[in-house]
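Using the sequences plus the hints, can you model the full thing?
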Amino acid sequence: MSRRAVGRTLAAAAALAALLLPLAVTRPAWQNTAILMLMVAQLGVAWNILGGYAGQVSLGHAAFFGTGAYVSTLLSIKLGISPWLGMAAGAGVAALLAVVVGWPCFRLKGHYFAMATIAVGEIVQAVVNGQERLGGAVGFFLPLAETGFWGFVFNRSKLPYYYIALGLLAATLLASWLVARSHVGYYLRAIKDEPDAARSLGVSLTRYKMYAMALSSAFAAMGGTLYAQKELFIDPGSTLSTSLSIKMALVAILGGVGTLAGPVVGAMLLTAIEEASRIVFGGTGRGTDLVVYGLLIVVIAVYQPAGIMGWVQDRWPARAPRPEPAGEGT
Amino acid sequence: MTAQILLQTLLSGVLVGLVYALVAIGLTLIFGVMDIVNFAHGEFLMLGMYASFWGYALLRLDPMFTLPFTALALFAVGVAIYRLVIRRIIDAPMLSQIFTTFGLMILLRGLAQYLWKPDFRSVDQTVVAGKVAFGGLQFGLPQVVAALGAIATTGVVWWFLRSTRLGAALEATAADKEAAALMGIDSRKMFALAWGIGAACAGVAGALLSTSYPIFPEVGSTFILVAFVLVALGGFGSVTGAFWAGILVGIVEVVGGFLWDPAYKMVLVLSLYLLVVWLRPQGLLGKA
Chain A
155 MSRRAVGRTL AAAAALAALL LPLAVTRPAW QNTAILMLMV AQLGVAWNIL GGYAGQVSLG
215 HAAFFGTGAY VSTLLSIKLG ISPWLGMAAG AGVAALLAVV VGWPCFRLKG HYFAMATIAV
275 GEIVQAVVNG QERLGGAVGF FLPLAETGFW GFVFNRSKLP YYYIALGLLA ATLLASWLVA
335 RSHVGYYLRA IKDEPDAARS LGVSLTRYKM YAMALSSAFA AMGGTLYAQK ELFIDPGSTL
395 STSLSIKMAL VAILGGVGTL AGPVVGAMLL TAIEEASRIV FGGTGRGTDL VVYGLLIVVI
455 AVYQPAGIMG WVQDRWPARA PRPEPAGEGT
Chain B
36 MTAQILLQTL LSGVLVGLVY ALVAIGLTLI FGVMDIVNFA HGEFLMLGMY ASFWGYALLR
96 LDPMFTLPFT ALALFAVGVA IYRLVIRRII DAPMLSQIFT TFGLMILLRG LAQYLWKPDF
156 RSVDQTVVAG KVAFGGLQFG LPQVVAALGA IATTGVVWWF LRSTRLGAAL EATAADKEAA
216 ALMGIDSRKM FALAWGIGAA CAGVAGALLS TSYPIFPEVG STFILVAFVL VALGGFGSVT
276 GAFWAGILVG IVEVVGGFLW DPAYKMVLVL SLYLLVVWLR PQGLLGKA
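Residue numbers (the working numbering), protein chains in the order written: chain A, 155 to 484; chain B, 36 to 323.
There may be inaccurate statements among the hints.
Said to hold, decoys possible - Incomplete in silico selection of chain A near chain B, CB under 10 angstroms:
no.: 1; residue: 209
no.: 2; residue: 211
no.: 3; residue: 263
no.: 4; residue: 265
no.: 5; residue: 274
no.: 6; residue: 281
no.: 7; residue: 396
no.: 8; residue: 400
no.: 9; residue: 406
no.: 10; residue: 407
no.: 11; residue: 415
no.: 12; residue: 442
no.: 13; residue: 450
no.: 14; residue: 454
no.: 15; residue: 456
no.: 16; residue: 460
Keep in mind that the hints were calculated from the coordinates and are not lab data. By construction, the Cβ of each residue, glycine as well, lies at the ideal position given by its N, Cα and C atoms.
Next comes the structure, spelled out in structure tokens:
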């Protein structure tokens, strides 16, 4: 069997397993962890469109995630609009914000771009924190009443959230796959690897980076709406923090930046490690989980910069090129 | 009266800014010499604060007295982190460099929380307690001493870079690694030195702040953000740039917080940063 066939078989098996998982895993706590994995994976895949394919490392993506969470929540609380429509609206607002932010920030390269996006994320968080109309530092509680599918609140069972998260992940993966194999995907990789050569061939760097940023942000925002509806509570700390931005990038680098499956694999591993270290070491409030988490990041970043997918492709080499070990170099 | 308030506010901003500058100088030095952004830099400051705190709590020594030892200890920490970790990622892609130092940040915070608990701690008795007044203006003595200490330390670093052979070697490595290596300068030694001095600067800033600021494992997070802004404003790698940017940001922060809402002072600082990097990507004093 060729490598590609193995890959497709594995992907199909993973999809089937994901669909049937709730039959095997019935404990609500475990189901919750599974939902968390899917949600983190979806954000990693969304981040990867900009950070992986286009090589623009954003460390401010929580601003877009939070935009999704806040737009749908405000529309639902103040105007009674269904969060499903809010999700679409949030994605639109986030894409717009991405263009507004991208326009100045894309003048910067490498570290400079990454640090500017941290600044953007921190500004958005500070503004929401200070605005009483946006809930301030307190945030919003969403109404708990279950009003059917259209109301996007389910409290009898976690299952609807599981399948919605799975559907959103599938949609994000599909978009990411379509981008990667389209001419836009080739332009993005050209921009990442050889920006000057791409420009000399007439590829508009800013325009294609902007496309990637808008798409990536829109999907991050949809993840934000899902988060708000699942937790039924949002505040700046949980939806707009820089640590959330970093987590999105982290799952991608852990799994393998610029690969389709990388962020999903990274999200599963990271969530598993986080939950396990919390169960084993956490609760003492002594930060042992942080020590394990930090150590793991350092070890992977130093010894396996191409992530798990890079390791897999090293072990079972194919004609297909190895994923880039991330970023545009130094 | 209004002029006096304005002057008081301005000078308070300068005092804050000088300490910010000291934190940023270490960061910019590391960046300039080896093109790596150290996300764990705030944790060096945190370690400097804890070193001062334990010297005070266990040995009854004043943070101002233990300051030289704190500087030496942090120098050793910086070199050790370079030798253990950073050495391995010198030629790695940018993203793995970012995440290596980011992982170090989490690790050091976690260690601090594990070893010393997440509680807020403070140095209650110190030789620099009290206030100083002159010309109708009044400042806290800890802030004034911290600012003076920051100026002195910055001066020492500046003198070292300008007037010693080792400093010249460091600057040569920052300007052109290959050319410096051809002149017989061992760039690995220079990298280790940059990490040592960078960490020591942050450690001294931590010691200077320990007399007036709460000490806790996450204390570095507020300072690292400002330090990033200063490094970018002053031009990556520019020590004098970071110094002036520190004073500017200190003034913007305090005056902005006074005229507008203190909750938004960070928004002001970060917006100023975005504006400057947008108009002048190389920073205020950076070379194109």
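Tell me, in ascending order, the numbers of any earlier hints that this structure violates. Of the numbered hints given earlier, the structure breaks just one, which is hint 11.
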